[in-house]
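Colleague: Here are the chains, one letter per residue:
Number of protein chains: 2
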Amino acid sequence: MALPPALDVSSTCPLCEPTPHETLWQDHDCRVVLLNDVDYPGYCRVECLAHVKEMTDLDKAQRVHIMSVVFATEQAVRQVLQPSKINLASLGNKTPHMHWHVIPRFENDRHFPNSHWGETMRVHMAEPLSAHQKQQLKVDIIKALKTEA
Amino acid sequence: MALPPALDVSSTCPLCEPTPHETLWQDHDCRVVLLNDVDYPGYCRVECLAHVKEMTDLDKAQRVHIMSVVFATEQAVRQVLQPSKINLASLGNKTPHMHWHVIPRFENDRHFPNSHWGETMRVHMAEPLSAHQKQQLKVDIIKALKTEA
Chain A
1 MALPPALDVS STCPLCEPTP HETLWQDHDC RVVLLNDVDY PGYCRVECLA HVKEMTDLDK
61 AQRVHIMSVV FATEQAVRQV LQPSKINLAS LGNKTPHMHW HVIPRFENDR HFPNSHWGET
121 MRVHMAEPLS AHQKQQLKVD IIKALKTEA
Chain Z
1 MALPPALDVS STCPLCEPTP HETLWQDHDC RVVLLNDVDY PGYCRVECLA HVKEMTDLDK
61 AQRVHIMSVV FATEQAVRQV LQPSKINLAS LGNKTPHMHW HVIPRFENDR HFPNSHWGET
121 MRVHMAEPLS AHQKQQLKVD IIKALKTEA
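Protein sequence lines, in the order shown, are assigned to chains A and Z. First residue of the first sequence: 1, per this note's numbering; consecutive thereafter. First residue of the second sequence: 1, per this note's numbering; consecutive thereafter.
If you are wondering where the hints come from, they were derived from the structure by calculation, not from laboratory data. Hints should not be assumed to be uniformly reliable.
Same chains, same label: a pair holds when it works inside one copy or across any pair of copies.
What the hints assert, rightly or not - With a Cα cut of at most 27 Å, we get these calculated DSS-like pairs of lysine-lysine:
(1) K94 with K60
(2) K60 with K134
(3) K60 with K146
(4) K60 with K143
Can you build the whole structure from these sequences, using the hints too?
Modeller: Right, dumping it as structure tokens:
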């Protein structure tokens, strides 16, 4: 890919800080973190390292690279968790620093078929990821990125 | 891009039908439609023509192409409407046929800073798009796609 954007940081942006989450994969442009969300245990986030607001603030090569990481994460999450559906989203209304939500959805999860930002549909106790599943996510992201290259 | 996927259709899928919405742009793989959402007048959707469920069901060239249309739509929406933020999302829990939401968000819109699937924050009467703005979206999508090629 092209040279990464200048690593602009914002002193008030939580995503410009070192992440408090487990990092599954990282390069010079972005990191994949596992949120360990209690309702959505395999919920990952792909975070640009630079403080960039919109995808169209990046050049094409940078966009293709970020999306290849998003899709490698999707692939790994599908392999490890076999969800009913994958949800992908880049909102950033509260934190305008480019990040992608990669959310495995199941028909019995808390909000399905609504957005996980929408109305709750049921109580559901999700099983936390095992250490093996976390390790497998790391392995499968690397494997999926090789086929993206 | 590579050859498009076989144009699988599902007899029960609304996105396999001809669209009821205004089409801003279309090729052999996908179409960009304007939803004319009363709360979000510039809300566009990029819809794959084939009945494909996940982005990772497509090959890499197909993914890059679909995303280049999503980003061209984002670019056009930014130019015409100058929103505070762009929201991009591919959910498909209710309609598992690949489509991308491209939503211009404003600080005074109905849900900001929440997801537009989330809690309502205020009453807001949004101005419908003018015929000129619709035409400009069409022109700007084509222009942005040229720089994506």
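Colleague: None of the hints should be skipped; say for each whether it holds.
Modeller: Structure-based check of each hint:
Taking the shortest alpha-carbon separations for K94 and K60, only the intra-copy value of 25 Å comes in at or below 27 Å, while the best inter-copy value is 31 Å. In this assembly of identical chains, the alpha carbons of K60 and K134 lie at most 27 Å apart only when taken from different copies (25 Å versus 31 Å within one copy). Proximity of K60 and K146 under a CA criterion of 27 Å is satisfied in both settings, with 20 Å inside one chain copy and 12 Å between copies. Taking the shortest alpha-carbon separations for K60 and K143, both the intra-copy value of 23 Å and the inter-copy value of 14 Å come in at or below 27 Å.
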